[in-house]
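Undergrad: Sequence:
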Amino acid sequence: PEAWGDRLAGRTFAELAIGETYEHYLQVVRSTLHPRGGEDADAYEYTVQSHAYEAEAHSSAKFSYSPSPIQIIVHEERRPLYAFFVAMCAVLGGVLTLAGIVDGLVHHVHSIQRKMEIGKQG
1 PEAWGDRLAG
11 RTFAELAIGE
21 TYEHYLQVVR
31 STLHPRGGED
41 ADAYEYTVQS
51 HAYEAEAHSS
61 AKFSYSPSPI
71 QIIVHEERRP
81 LYAFFVAMCA
91 VLGGVLTLAG
101 IVDGLVHHVH
111 SIQRKMEIGK
121 QG
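Here this note's numbering is used: the first residue of the sequence shown is 1, the next is one more, and so on.
For the record, the hints were derived by calculation from the structure and aren't laboratory data.
The structure displayed is predicted, hence computed values, not measured ones.
Glycine included, C-beta positions come from ideal geometry on N, C-alpha and C.
Don't take each hint at face value.
Cβ pair distances, simulated, as ranges [stated by the list, open to error]:
1. E76 / Y22: 35 to 41 Å
2. F84 / Q27: 36 to 42 Å
3. A90 / I118: 40 to 46 Å
4. E77 / E15: 46 to 52 Å
5. F85 / K62: 36 to 42 Å
Could you build all of it, start to finish, from the sequences and the hints given here?
TA: Put into structure tokens, the structure is as follows:
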């Protein structure tokens, strides 16, 4: 996936003026994937922020690297079949409950209209 690609690949930081400095801040996070039935995979993701400014002396490029104390661990698990049925029952129950509420509301409005037609509603 593109999300795992190199965010700096193919980008050019050309000096537009004499004495221009580019500063890049990289925050690196380790990610570990534990797939079902496979080998663990480690990857290092990073975010990058770049900033250009005019320096008094000469042009330069600065890189600040900061490893994150946080690690992302992803476990791939299989959900049991009964969990699927429980979720489907929950959806069906929600739909039926909503249909009951709408039916009750329509019945109530219709009953008020009928009472107004015959003059029993104040």
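Undergrad: Go ahead and decide if the range 36 to 42 Å is satisfied by the Cβ distance of F85 to K62.
TA: About 57 Å separates the Cβ atoms of F85 and K62, which means 36 to 42 Å is violated.
Undergrad: Does 40 to 46 Å hold as the CB distance between A90 and I118, or does it fail?
TA: holds (43 Å)
Undergrad: Do the Cβ positions of F84 and Q27 conform to the proposed distance bound of 36 to 42 Å?
TA: holds (38 Å)
Undergrad: Using the C-beta atoms of E76 and Y22, is the stated range 35 to 41 Å upheld?
TA: For Y22 against E76, whose Cβ atoms are near 39 Å apart, the range 35 to 41 Å holds.
Undergrad: Measuring from beta carbon to beta carbon, are E77 and E15 in 46 to 52 Å?
TA: holds (51 Å)
Hint 5 from the list above is the single one not met by this structure.
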